[in-house]
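Protein chains in written order, with our numbering: chain A, 27 to 277; chain B, 27 to 277.
Derived by calculation from the structure, the hints in this document are not laboratory data. Careful, some of the hints might be misleading.
Remember, identical chains collapse to one label, so a pair may be satisfied in a single copy or spanning two.
[To be verified] Within a straight-line C-alpha distance of at most 25 Å, the following computed SDA-like cross-link-like pairs (lysine to any residue) qualify: (1) Lys223 with Asp262; (2) Lys223 with His106; (3) Lys192 with Ile266; (4) Lys196 with Lys254; (5) Lys31 with Gly47; (6) Lys80 with Thr251; (7) Lys273 with Val195; (8) Lys224 with Asn142; (9) Lys191 with Thr49; (10) Lys146 with Ile83; (11) Lys191 with Lys265; (12) Lys224 with Ile81; (13) Lys52 with Asn184; (14) Lys227 with Glu79; (15) Lys52 with Asp143; (16) Lys130 with Glu140; (17) Lys91 with Pro76; (18) Lys146 with Ser63; (19) Lys199 with Ser162; (20) Lys80 with Ala153; (21) Lys52 with Thr204; (22) Lys146 with Lys223; (23) Lys30 with Ser181; (24) Lys241 with Tyr225; (25) Lys80 with Lys227; (26) Lys261 with Tyr124; (27) Lys261 with Ile81.
From a predicted model like this one, the values you see are computed outputs, not experimental measurements.
Residue strings, one per chain:
There are 2 protein chains.
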Amino acid sequence: MKKKKKVNAAILIIGNEILSGRTQDKNISFLCNWLNSSCGIAVLQVRIIPDVEKIIIENIRSLSKKFNYVFTTGGIGPTHDDITAASISKAFKLKYKYHKEAFKILETYYGEGEFNDGRKKMAKMPANAKLIYNPSSAAPGFITKNVLSLPGVPSILNSMIENCKKYLVKGLKVHSKTINIFTVESNISKQLGHIQKKYIKSVDVGSYPFFRLGKIGVSIVSRSTSKKKLNDVNKDLMKIIRSKRIKILNI
Amino acid sequence: MKKKKKVNAAILIIGNEILSGRTQDKNISFLCNWLNSSCGIAVLQVRIIPDVEKIIIENIRSLSKKFNYVFTTGGIGPTHDDITAASISKAFKLKYKYHKEAFKILETYYGEGEFNDGRKKMAKMPANAKLIYNPSSAAPGFITKNVLSLPGVPSILNSMIENCKKYLVKGLKVHSKTINIFTVESNISKQLGHIQKKYIKSVDVGSYPFFRLGKIGVSIVSRSTSKKKLNDVNKDLMKIIRSKRIKILNI
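Please model the complete structure; the sequences and the hints are all you need to start from.
Okay, here's the thing in structure tokens:
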């Protein structure tokens with residue numbers, strides 16, 4: 027069996043409506059969660075950019091060089107502001123043209139009489155793109171080199187995500203443990219720092235304040251590809267929590 | 027009176043907890059909205075990056091050169107993974123040291139006996155930083171050149187945002203109009219494209235599908251710094267909607 031390695035990805039959200047504040051993005055946390063938990067792929071960067079060809083091209087070029095995969099969302103519909111496919115074609119110097127299978131899928135879905143120019147546009151893709159099938163509204167996503175392009179509407183994106191899986195090399199799964207305690211960060215910051223230092227190569231220890239039941243608390247989140255190391259960290263954390271007589275909310 | 031110009035900003039979200047999918051970000055849409063509507067500042071890019079010094083430095087350097095302002099969120103608390111202030115100091119080759127006023131604010135807030143090393147860390151900032159006062163939990167944000175650093179906890183960030191205002195040059199306010207209609211995008215995509223072309227220099231026309239009351243609809247959103255041009259676009263849009271006998275949900 028081939029040993030799994032660390033695999034990473036970037037997410038590129040293409041959409042003026044997110045940058046204007048009009049729309050609250052829902053795709054970032056969905057994609058981050060799915061990539062981490064279903065594929066063992068770590069998302070190392072997210073960018074949100076406007077619907078501007080030059081900017082899309084720049085970002086596709088730099089992110090696709092730097093990361094194993096790039097997931098784009100948005101800009102693959104039928105209107106003038108949907109320029110993701112054309113921009114990716116330019117970024118990779120590929121022809122932007124009708125994808126035969128995508129054209130057929132859309133023609134069948136709409137019926138010949140209803141298959142107008144806007145709808146036909148959704149079949150135009152970078153040459154040799156692979157399709158990501160869309161069970162909810164037919165128009166497929168597509169894969170160009172290491173870039174996977176999905177729609178911006180969350181319910182449609184969610185319905186398509188499992189169809190990305192077969193194209194992805196899976197990585198080592200990252201496990202996580204969370205301990206929620208009632209204290210303030212500064213009460214444990216020194217000790218947490220020591221633990222992070224001790225396991226610097228294998229475990230990421232993060233600390234996040236919360237407010238619950240009218241009290242201030244801290245979530246300590248440890249993440250690692252090694253379950254054993256995660257248990258070791260947890261034992262060290264519990265020692266500190268007990269020695270400081272801190273109340274535990276849940277583990 | 028000085029004529030207002032276009033002013034832009036980038037947002038840099040620093041936090042492993044967002045990239046892992048554990049936490050749904052709430053600061054992006056809040057900041058985009060506030061900057062647009064209260065300050066006339068257009069957000070042109072958002073990035074989410076991990077708590078890694080080298081990556082923070084790279085991004086601070088490139089974004090602060092490219093945009094009028096950079097807003098960072100996260101990484102300014104008392105724990106080992108809070109490295110925003112130290113990283114920004116390095117990015118600008120400034121000393122990382124106690125800010126006298128911030129130190130006093132925190133010392134008074136906690137009282138001498140409770141002012142431990144973790145809490146003292148929150149007074150360490152790039153040399154000559156200006157403070158952004160924090161009415162909810164004392165620890166101030168800070169401004170280094172054109173970079174404004176805010177905390178990651180949304181409720182605290184929200185309570186501090188008005189204290190940023192006096193440091194910002196306001197830009198031309200962007201107005202927007204939305205028309206919600208019951209049709210599919212591809213029914214109007216050609217005409218929308220023509221309108222966008224006609225007003226390419228002054229108005230941004232976007233089209234966003236929605237599902238409501240069991241029906242498919244489209245929100246047409248026009249954005250411009252000129253109210254007059256926005257009205258002109260709206261008249262053109264209404265002509266199309268009427269000629270196609272499309273049902274309007276609301277304007």
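The hints, checked one at a time:
Within a single copy, Lys223 and Asp262 get their C-alpha atoms as close as 12 Å, which meets the 25 Å cut-off; across copies the closest is 63 Å, which misses it. Taking the shortest alpha-carbon separations for Lys223 and His106, only the inter-copy value of 9 Å comes in at or below 25 Å, while the best intra-copy value is 52 Å. For a Cα distance limit of 25 Å, the shortest separation of Lys192 from Ile266 qualifies neither inside one copy, at 44 Å, nor across copies, at 43 Å. Taking the shortest alpha-carbon separations for Lys196 and Lys254, only the intra-copy value of 21 Å comes in at or below 25 Å, while the best inter-copy value is 53 Å.
In the homo-oligomer, the alpha carbons of Lys31 and Gly47 lie at most 25 Å apart only across protomers (20 Å), although the nearest pairing inside one protomer, at 38 Å, exceeds that limit. In the homo-oligomer, the alpha carbons of Lys80 and Thr251 lie at most 25 Å apart only across protomers (22 Å), although the nearest pairing inside one protomer, at 38 Å, exceeds that limit. With identical chains, the CA atoms of Lys273 and Val195 are never at most 25 Å apart, being 42 Å at best within one copy and 47 Å at best between copies. When the C-alpha separation of Lys224 and Asn142 is checked against a cutoff of 25 Å, the pair qualifies only between copies, where the shortest distance is 22 Å, while the shortest distance within a copy is 62 Å.
Taking CA atoms no more than 25 Å apart as the test, Lys191 paired with Thr49 passes between copies only; the shortest distance there is 23 Å, against 28 Å inside one copy. Taking CA atoms no more than 25 Å apart as the test, Lys146 paired with Ile83 passes inside one copy only; the shortest distance there is 23 Å, against 45 Å between copies. In this homomeric assembly, Lys191 and Lys265 never come within 25 Å of each other (Cα to Cα): the closest approach is 41 Å inside a single copy and 45 Å across copies. In this assembly of identical chains, the alpha carbons of Lys224 and Ile81 lie at most 25 Å apart only when taken from different copies (22 Å versus 42 Å within one copy).
Taking CA atoms no more than 25 Å apart as the test, Lys52 paired with Asn184 passes in both settings, with 10 Å inside one copy and 20 Å between copies. Within a single copy, Lys227 and Glu79 get their C-alpha atoms only as close as 40 Å, which misses the 25 Å cut-off; across copies the closest is 16 Å, which meets it. Within a single copy, Lys52 and Asp143 get their C-alpha atoms no closer than 30 Å, and across copies no closer than 38 Å, so neither meets the 25 Å cut-off. Taking identical chains as interchangeable, the C-alpha atoms of Lys130 and Glu140 lie at most 25 Å apart only when both belong to the same chain, with a minimum of 13 Å there against 70 Å between chains.
Within a single copy, Lys91 and Pro76 get their C-alpha atoms as close as 21 Å, and across copies as close as 19 Å, so both meet the 25 Å cut-off. In this homomeric assembly, Lys146 and Ser63 never come within 25 Å of each other (Cα to Cα): the closest approach is 36 Å inside a single copy and 37 Å across copies. Neither within a single protomer nor between protomers do Lys199 and Ser162 lie at most 25 Å apart by alpha-carbon distance, with minima of 29 Å and 38 Å respectively. In this assembly of identical chains, the alpha carbons of Lys80 and Ala153 lie at most 25 Å apart only when taken from the same copy (20 Å versus 37 Å across copies).
Taking the closest pair of Cα atoms, Lys52 and Thr204 come within 25 Å of each other both inside a single copy (23 Å) and across two copies (21 Å). For the identical chains of this complex, Lys146 and Lys223 are inter-copy neighbours only, at 20 Å across copies versus 56 Å inside a copy, given an alpha-carbon limit of 25 Å. In this assembly of identical chains, the alpha carbons of Lys30 and Ser181 never lie at most 25 Å apart, being 31 Å within a copy and 40 Å across copies at closest. In the homo-oligomer, the alpha carbons of Lys241 and Tyr225 never lie at most 25 Å apart, since the shortest distance is 30 Å inside one protomer and 53 Å across protomers.
Within a single copy, Lys80 and Lys227 get their C-alpha atoms only as close as 39 Å, which misses the 25 Å cut-off; across copies the closest is 16 Å, which meets it. For the homomeric pair Lys261 and Tyr124, neither the shortest alpha-carbon distance inside one copy (58 Å) nor that between copies (34 Å) is at most 25 Å. Taking CA atoms no more than 25 Å apart as the test, Lys261 paired with Ile81 passes in neither setting, with 48 Å inside one copy and 31 Å between copies.
In summary, the numbered hints that this structure violates are 3, 7, 11, 15, 18, 19, 23, 24, 26, 27.
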